[in-house]
Amino acid sequence: MKSLGKYLIFIATLFVRRESIGTYVRLVIDESIKIGVNSIFIFAIVSSFMGAVTTIQTAYNLISPLIPNYVISLVVRDMTILELAPTIMAIVFAGKVGSNIAGELGTMRITEQIDALEVMGINSTSYLVLPKIVAALLMYPMLVVLAAFLSMYGGYLAGTLTGEITGTEYIYGIRYEFIEYNIAFALIKSVVFAFLVSSISAYKGFFTKGGALEVGVASTSAVTNSCIAILLADYLLAQLLL
Amino acid sequence: MIEIQNISKSFDGKQILHNISGTFEKGRTNLIIGASGTGKSVLLKNIVGLVQPDEGHVLYDGRDFTSGDKALKTDVRREIGMLFQGGALFDSKNVEQNVMFPLNVLTKMSKEEKLDRVNICLEKVGLENVNKKMPSEISGGMKKRVGIARAIVNHSKYLFCDEPNSGLDPQTSIVIDNLIKEITEELSITTVVVTHDMNSVMEIGDYVMFIHQGHKLWEGNNQNIFDCNVKELEDFIFANKLMRAVRHQNHTE
Numbered sequence: 005m006k007s008l009g010k011y012l013i014f015i016a017t018l019f020v021r022r023e024s025i026g027t028y029v030r031l032v033i034d035e036s037i038k039i040g041v042n043s044i045f046i047f048a049i050v051s052s053f054m055g056a057v058t059t060i061q062t063a064y065n066l067i068s069p070l071i072p073n074y075v076i077s078l079v080v081r082d083m084t085i086l087e088l089a090p091t092i093m094a095i096v097f098a099g100k101v102g103s104n105i106a107g108e109l110g111t112m113r114i115t116e117q118i119d120a121l122e123v124m125g126i127n128s129t130s131y132l133v134l135p136k137i138v139a140a141l142l143m144y145p146m147l148v149v150l151a152a153f154l155s156m157y158g159g160y161l162a163g164t165l166t167g168e169i170t171g172t173e174y175i176y177g178i179r180y181e182f183i184e185y186n187i188a189f190a191l192i193k194s195v196v197f198a199f200l201v202s203s204i205s206a207y208k209g210f211f212t213k214g215g216a217l218e219v220g221v222a223s224t225s226a227v228t229n230s231c232i233a234i235l236l237a238d239y240l241l242a243q244l245l246l
Numbered sequence: 019m020i021e022i023q024n025i026s027k028s029f030d031g032k033q034i035l036h037n038i039s040g041t042f043e044k045g046r047t048n049l050i051i052g053a054s055g056t057g058k059s060v061l062l063k064n065i066v067g068l069v070q071p072d073e074g075h076v077l078y079d080g081r082d083f084t085s086g087d088k089a090l091k092t093d094v095r096r097e098i099g100m101l102f103q104g105g106a107l108f109d110s111k112n113v114e115q116n117v118m119f120p121l122n123v124l125t126k127m128s129k130e131e132k133l134d135r136v137n138i139c140l141e142k143v144g145l146e147n148v149n150k151k152m153p154s155e156i157s158g159g160m161k162k163r164v165g166i167a168r169a170i171v172n173h174s175k176y177l178f179c180d181e182p183n184s185g186l187d188p189q190t191s192i193v194i195d196n197l198i199k200e201i202t203e204e205l206s207i208t209t210v211v212v213t214h215d216m217n218s219v220m221e222i223g224d225y226v227m228f229i230h231q232g233h234k235l236w237e238g239n240n241q242n243i244f245d246c247n248v249k250e251l252e253d254f255i256f257a258n259k260l261m262r263a264v265r266h267q268n269h270t271e
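Protein chains in written order, with my numbering: chain A, 5 to 246; chain B, 19 to 271.
Treat the hints with care, as some may be off.
[What the hints assert, rightly or not] List time: in silico DSSO-like cross-link candidates among lysine-lysine, alpha-carbon distance up to 27 Å:
(1) B:Lys63 x A:Lys38
(2) B:Lys175 x B:Lys63
(3) B:Lys150 x A:Lys38
(4) B:Lys132 x B:Lys142
(5) B:Lys175 x A:Lys213
(6) B:Lys142 x B:Lys88
(7) A:Lys213 x B:Lys150
(8) A:Lys10 x A:Lys100
(9) A:Lys6 x B:Lys32
(10) A:Lys6 x B:Lys44
These are calculated hints, taken from the structure and not from any lab test. Computed from a prediction, not measured in an experiment: that's the story for all the values here.
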């Protein structure tokens with residue numbers, strides 16, 4: 005409970021003693037490149053293979069002649085949009101971006117760079133953390149959309165190249181009884197997960213004490229706590245919104 | 019001028035600072051000395067506002083920094099420059115960007131004006147043609163110089179240095195000490211240096227405050243420090259073999 009209170013106070017301090025908007029615009033652009041653009045490669049790889057494997061495994065399980073082949077891509081589509089793209093990729097996001105945020109802030113803390121900002125009269129929380137959270141909120145939903153597309157495309161390639169499903173059947177399944185709300189649900193989840201990963205990781209890094217060893221511990225703890233928070237939020241959002 | 023009045027601080031029930039008072043005058047180098055773990059850095063952090071004292075006040079030219087409102091604190095902080103023990107340069111920025119940082123965030127100067135000011139400060143600390151180097155590409159002594167340049171770039175009225183000589187060879191230490199003294203006198207600023215280096219005391223100690231186990235035991239200057247009658251200070255001064263040899267020679271003469 006003490007940690008939760010400290011975390012909430014930390015979030016509140018993001019919005020006091022802010023710098024000029026121009027300063028934040030520059031910082032958010034820099035952070036968006038680090039958080040978003042630099043994550044495209046890993047997201048592309050993971051999501052493509054995730055879609056490909058989901059297609060093959062669904063095909064393996066649906067062997068009944070009573071079930072049409074297009075069900076394979078229908079399953080891939082719903083799994084991707086509802087769970088794989090927003091949630092599983094959030095775990096990847098926590099591993100890549102969360103550990104990076106915690107490591108960066110932890111190192112800044114132990115080398116007194118954060119103290120240097122405070123002495124200059126700059127609200128270090130707002131200056132260092134707010135741009136990271138805003139950048140994560142902007143970039144992660146885009147990464148989720150990209151991951152969802154590449155996952156379904158990966159499934160298409162795996163399904164058609166192995167002969168499990170034809171291209172026409174796959175496209176038919178993707179479009180069959182499509183519920184637009186699922187996209188909105190995935191995007192809502194992505195915004196929540198982006199906030200959780202960036203803020204928890206920043207919190208863990210920001211309050212690092214000690215040396216290099218503790219920075220490593222803070223990074224690990226950031227990823228672990230982010231993953232737990234993602235899974236809890238995933239369950240709560242599913243209960244509330246579906 | 020900075021006045022500290024009855025500063026006390028404890029962490030987790032353990033009292034680190036006991037009722038410390040003193041005055042740091044403008045235009046001279048004020049030293050806080052003492053052995054490691056005596057509370058020097060904690061005192062410095064209380065003075066610059068990184069730590070809030072449990073009791074007591076810090077006054078910057080009469081302005082009560084400890085109990086002042088946020089606006090006053092921000093105003094005072096923007097007049098403070100600080101050199102940290104490890105330099106605390108921002109790893110992702112080069113030398114020029116590091117020195118320019120306070121100007122970028124705290125002023126509305128044009129890019130040309132900022133660049134001119136950065137070059138003046140880098141020249142003042144004896145660094146030229148290193149503008150584009152990253153902190154990882156420069157030596158420890160150069161990092162300290164860049165740290166000093168960054169601390170004075172925004173026309174700071176108060177300069178704080180936390181162990182400016184740690185990790186430096188004796189020659190570079192003297193260069194850094196003299197640079198601090200030179201800047202203090204030239205810019206007529208109030209400088210407070212935390213150190214446990216007796217060479218610094220002898221070189222630049224216009225005012226010296228000795229702290230032992232969180233208590234202020236002595237204050238004076240580098241001229242009268244050898245005349246002190248405080249056992250703890252004598253133990254501190256003459257812990258060094260060289261200082262003992264000097265004392266021995268003085269006695270035999």
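Task: Satisfaction of hint between B:Lys63 and B:Lys175, Cα-Cα up to 27 Å - done: holds (17 Å)
Open item on the list: Need the status of pair B:Lys63, A:Lys38: alpha-carbon distance at most 27 Å?
Closed with: violated (33 Å)
Task: Given pair status - A:Lys100, A:Lys10, alpha carbons within 27 Å - done: Judged against 27 Å, a Cα distance of about 25 Å means the pair holds.
Task: Agreement of A:Lys6 and B:Lys44 with the hint, judged by alpha carbon distance not exceeding 27 Å - done: Roughly 44 Å between the alpha carbons, so the hint for A:Lys6 and B:Lys44 is violated.
- [ ] Would you mind confirming whether the straight-line C-alpha gap from B:Lys150 to A:Lys38 stays at or under 27 Å?
- [x] Given pair B:Lys150, A:Lys38 holds - Cα atoms ~22 Å apart, limit 27 Å.
Task: Given pair status - B:Lys88, B:Lys142, alpha carbons within 27 Å - done: Violated, at roughly 33 Å.
Task: Pair hint B:Lys175 and A:Lys213, alpha-carbon separation not exceeding 27 Å - done: Given pair B:Lys175, A:Lys213 is violated - Cα atoms ~31 Å apart, limit 27 Å.
Task: A:Lys6 paired with B:Lys32 [C-alpha distance capped at 27 Å] - done: Measuring from Cα to Cα gives roughly 22 Å; hence the hint holds.
Open item on the list: Would the hint linking B:Lys132 and B:Lys142 be met if the CA-CA limit is 27 Å?
Closed with: holds (15 Å)
TODO: Mind checking the alpha carbons of A:Lys213 and B:Lys150 for me, to see if they're no more than 27 Å apart?
DONE: Roughly 31 Å between the alpha carbons, so the hint for A:Lys213 and B:Lys150 is violated.
Taken one by one, the earlier hints fail for this structure at numbers 1, 5, 6, 7 and 10, listed in ascending order.
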